[in-house]
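A.B. asks: Next come the chains, spelled out residue by residue.
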Amino acid sequence: MSGLTAERAIPDRPGRAENYLTAETGLASWLLTTDHKRIGLLYMAAITVFFFLGGAAAFLLRLELFTPEGDLLSADSYNRAFTFHGVVMVWFFLIPSIPNILGNFMLPLMIGAKDLAFPRLNLISWYIFVAAGLIAVYTLVSGGVDTGWTFYTPLTTAFSNGNVLAAAAAVFVAGFSTIATAVNFIATVHLLRAPGLTWFRLPLFVWAIYATSIVMVLATPVLAMVLLLISAERAFGIPIFDPLRGGDPILFQHLFWFYSHPAVYIMILPSFGVISEVVTCYARRRVFGYSFMVYALLWIALVGFLVWGHHMFVSGQSLFANLVFSFLSFVVAVPSAIKVFNWTATLYRGQIVFDAPMIYALGFIGLFTIGGLTGLFLASVPVDIHVTDTYFVVAHFHYIMVGGAVSALYGGLSYWWPKITGRMYPEAWARFAAVMMFFGFGFTFFPMFIMGFLGMPRRYHVYPQEFQVWHVLASGGALILAVAYLLPMGYLAWSLIWGRRAIANPWGATGLEWQTSSPPPTENFDTPPVVVQGPYNYHPEHEGPPAMDREPHSPQGGQPV
Amino acid sequence: MNGFSLWPPTASEQAARIDSLFIGLLVVAGAILLLVAMLLLVFSIRYRRGSSARRGELPEFLRRDVELGWTAATLFLAIFLFWWAGATQLRASDAPPNALEVHVVAKQWMWKARHPNGAREINALHVPRGEAVRLVMTSQDVIHSFFVPAFRVKQDVVPGRFTHMWFRATKPGTYHLFCAEFCGTEHATMGGTVTVMEPEDYARWATAQPQEQDLPGEGAALFVSLGCSGCHAPSAAVHAPSLQGIYGRMVNLADGRTVRADAAYLRDSILLPKRDLVAGYEPIMPSFEGLVDEGDLQSLLAYLESLRGEISR
Numbered sequence: 001m002s003g004l005t006a007e008r009a010i011p012d013r014p015g016r017a018e019n020y021l022t023a024e025t026g027l028a029s030w031l032l033t034t035d036h037k038r039i040g041l042l043y044m045a046a047i048t049v050f051f052f053l054g055g056a057a058a059f060l061l062r063l064e065l066f067t068p069e070g071d072l073l074s075a076d077s078y079n080r081a082f083t084f085h086g087v088v089m090v091w092f093f094l095i096p097s098i099p100n101i102l103g104n105f106m107l108p109l110m111i112g113a114k115d116l117a118f119p120r121l122n123l124i125s126w127y128i129f130v131a132a133g134l135i136a137v138y139t140l141v142s143g144g145v146d147t148g149w150t151f152y153t154p155l156t157t158a159f160s161n162g163n164v165l166a167a168a169a170a171v172f173v174a175g176f177s178t179i180a181t182a183v184n185f186i187a188t189v190h191l192l193r194a195p196g197l198t199w200f201r202l203p204l205f206v207w208a209i210y211a212t213s214i215v216m217v218l219a220t221p222v223l224a225m226v227l228l229l230i231s232a233e234r235a236f237g238i239p240i241f242d243p244l245r246g247g248d249p250i251l252f253q254h255l256f257w258f259y260s261h262p263a264v265y266i267m268i269l270p271s272f273g274v275i276s277e278v279v280t281c282y283a284r285r286r287v288f289g290y291s292f293m294v295y296a297l298l299w300i301a302l303v304g305f306l307v308w309g310h311h312m313f314v315s316g317q318s319l320f321a322n323l324v325f326s327f328l329s330f331v332v333a334v335p336s337a338i339k340v341f342n343w344t345a346t347l348y349r350g351q352i353v354f355d356a357p358m359i360y361a362l363g364f365i366g367l368f369t370i371g372g373l374t375g376l377f378l379a380s381v382p383v384d385i386h387v388t389d390t391y392f393v394v395a396h397f398h399y400i401m402v403g404g405a406v407s408a409l410y411g412g413l414s415y416w417w418p419k420i421t422g423r424m425y426p427e428a429w430a431r432f433a434a435v436m437m438f439f440g441f442g443f444t445f446f447p448m449f450i451m452g453f454l455g456m457p458r459r460y461h462v463y464p465q466e467f468q469v470w471h472v473l474a475s476g477g478a479l480i481l482a483v484a485y486l487l488p489m490g491y492l493a494w495s496l497i498w499g500r501r502a503i504a505n506p507w508g509a510t511g512l513e514w515q516t517s518s519p520p521p522t523e524n525f526d527t528p529p530v531v532v533q534g535p536y537n538y539h540p541e542h543e544g545p546p547a548m549d550r551e552p553h554s555p556q557g558g559q560p561v
Numbered sequence: 001m002n003g004f005s006l007w008p009p010t011a012s013e014q015a016a017r018i019d020s021l022f023i024g025l026l027v028v029a030g031a032i033l034l035l036v037a038m039l040l041l042v043f044s045i046r047y048r049r050g051s052s053a054r055r056g057e058l059p060e061f062l063r064r065d066v067e068l069g070w071t072a073a074t075l076f077l078a079i080f081l082f083w084w085a086g087a088t089q090l091r092a093s094d095a096p097p098n099a100l101e102v103h104v105v106a107k108q109w110m111w112k113a114r115h116p117n118g119a120r121e122i123n124a125l126h127v128p129r130g131e132a133v134r135l136v137m138t139s140q141d142v143i144h145s146f147f148v149p150a151f152r153v154k155q156d157v158v159p160g161r162f163t164h165m166w167f168r169a170t171k172p173g174t175y176h177l178f179c180a181e182f183c184g185t186e187h188a189t190m191g192g193t194v195t196v197m198e199p200e201d202y203a204r205w206a207t208a209q210p211q212e213q214d215l216p217g218e219g220a221a222l223f224v225s226l227g228c229s230g231c232h233a234p235s236a237a238v239h240a241p242s243l244q245g246i247y248g249r250m251v252n253l254a255d256g257r258t259v260r261a262d263a264a265y266l267r268d269s270i271l272l273p274k275r276d277l278v279a280g281y282e283p284i285m286p287s288f289e290g291l292v293d294e295g296d297l298q299s300l301l302a303y304l305e306s307l308r309g310e311i312s313r
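Each protein sequence line maps, in turn, to chains A and B.
So in the UniProt record's numbering, spot 373 of the first sequence is number 373, and the numbers just go up one at a time.
So in the UniProt record's numbering, spot 17 of the second sequence is number 17, and the numbers just go up one at a time.
Treat the hints as calculated values from the structure; they're not laboratory data.
Hints are not guaranteed to be accurate.
Distance condition first, Cα-Cα at most 25 Å in a straight line; then the derived SDA-like pairs of lysine to any residue [what the hints assert, rightly or not]:
#1 B:Lys274 - B:Phe288
#2 B:Lys112 - A:Ile497
#3 B:Lys171 - B:Gly192
#4 B:Lys171 - A:Pro464
#5 B:Lys107 - A:Gly246
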């Protein structure tokens, strides 16, 4: 392995003297920038802070659950901790993570544009996001909320003594940032594609961000409405969900899940894009079934809106509704399966290199497959009735959103790190972290499937003795996982100063983003690029890649000749 | 209840059926996972950089037929699993008509159960083995969820409406009862035990409990003490509809609609009498909102149900 690395080592050659990082200096040049690349980095900074906060809450939860008694946290502080963990991780980490860091940075580069369609909207959406985040932190400092991130009524509107209004305000405001970013991405993909970049030549990452943006624009307003209704009932006593005054608490669940199920796809679709880029590059192979991959994304984005009722099989919903939602949930599993099969088939007859991004991607495929397959259990009404609101569900959605989305985030960050910073990350450390993340994740969350099936309900800070062995395994795994998440932050920061300088295209990748210097100049390309073919031409059409050589791959496009 | 195990106790008829579905899903999911993992492993080794494996163009049938094939196969598998799960659910959806009816009221943070003969218990439920038991549940405050892992049953308990679930226990023993829907500070301790007893033990247990009036009897007393009978009794002078046999019948409303006078309608009529007025009557009934709690409502409804007589059962 080391021989291969050495062979690919390219002599240190600094990038262009001037790039987007050095073009201007000073705090104001960052805080008032309209450069999508700099805003991507601003998002990275903010989102990392929230990842720390949400992770700290998770760490407290796992620590408490080491023993069946409530010896570390009181019932109230435990409830506040898991609510904070959920709210921060969902709205301030997972939803913005890949779109706002990697999407913001890469989308214009990948389609050959100078910037996003609305650069100033991009900046204001970062400020809105930070404002929302500050409200979320205020919520915590002012005592926290004890409703769970799902805000179920009438607990939230009439019974909770936490700071519900502040939490609702934080999520409400964050929604504007989400919508602004999504509108920006949609407009950019429609309007700013380079000459020759037709829709079916778009890299799958661009398709994934585009599909995600559409879901964001359509779903987020529903969340905003339902949060307003909650605030109206809690603050002004306007009866909407309160059954004592003719309201309907189940109505809340319909509105909430009509947003929150699509939100699951907001969290996972961008990772599909990252994995498609990484797998093709490190397998040196054209993606298997490009058009199926695109249709699968769109299918998920569409049908994802029609399955919200599978969160409500035990809510008292009619049997007929349960069966309809069950059917649609099974149907939405099909495109996800296609994606897994196609990634796997992309490896066939490839020339696979196990660099860190590829290890993250392979880990993603494994964990996402487990997460997706356990979704079949939850789509089956009778099984769901038993395991819903238990740790089985906790394990399931963490497999998708942490095993899946977070692995993809780390994989994508490593893959594009040379482009973003102009520095190479240390490969050996990165491989080690990727493997450690995979196993740490498994130790943490696999036991939860078992204890969930055994009947351990979620959101319990004390629990019967017999579940302890599983909780101890999970808490031990969480320790490994925490180290695996912190490690890349360490070596990536290290690489900023001591890392080898990156050339324009260190991986021999075909995307447009690699056809400019690393890091790119402020205007992205010296002259606007022209696209001549589809993505992923890692080998000539009627051949495969050679056994050893990196050539011949041909970029999607480049400077006009 | 203690000790290390990988499978929860199986103590109801549904549990056995759901377990076989669960095992089926495990086999299917395990097979797919194994397939994907094996392919990843084999391809990773065989096509690693520098290996001498044959590469070159993908055969045409692989690019089209295989893609279409596994899309169709996945879709058929999904539909098959839906059919299996749906059929399992349909088979167990309705309680048999002769089920033992136990009323459950949930509140922060306690379960109160009431047996047909008037026996009451808190955070515990005793049920006879082999007999269908139907729970009629409501909540006094927030949403709770009645969860007995050993029976594989769970049902949210929602304020302002009645939800139902039923089971037939098969194995004597003591099992966990959990609240599965987050309901506030003490959510984690809102639970207790469900005890399955042999039918004769259950009968002995039920009679040994402090006897109170049965539910309809208590409702009849409330009917008088709350003043309902002043208008609704057959002999009353006030022009109000008679409630004899009303339960479950269709009634015509003043606005022209026809509704079934089920538990939900009658409950609303007690709390919000002016909302769905019966045709031919003046809106003179006062609201009993705040005067009756969920337990009283259950008693009143049980009394009204008893008025429809044995014939309609």
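A.B. asks: Could you work out which earlier hints the structure fails to respect and list their numbers in ascending sequence?
C.D. replies: 2
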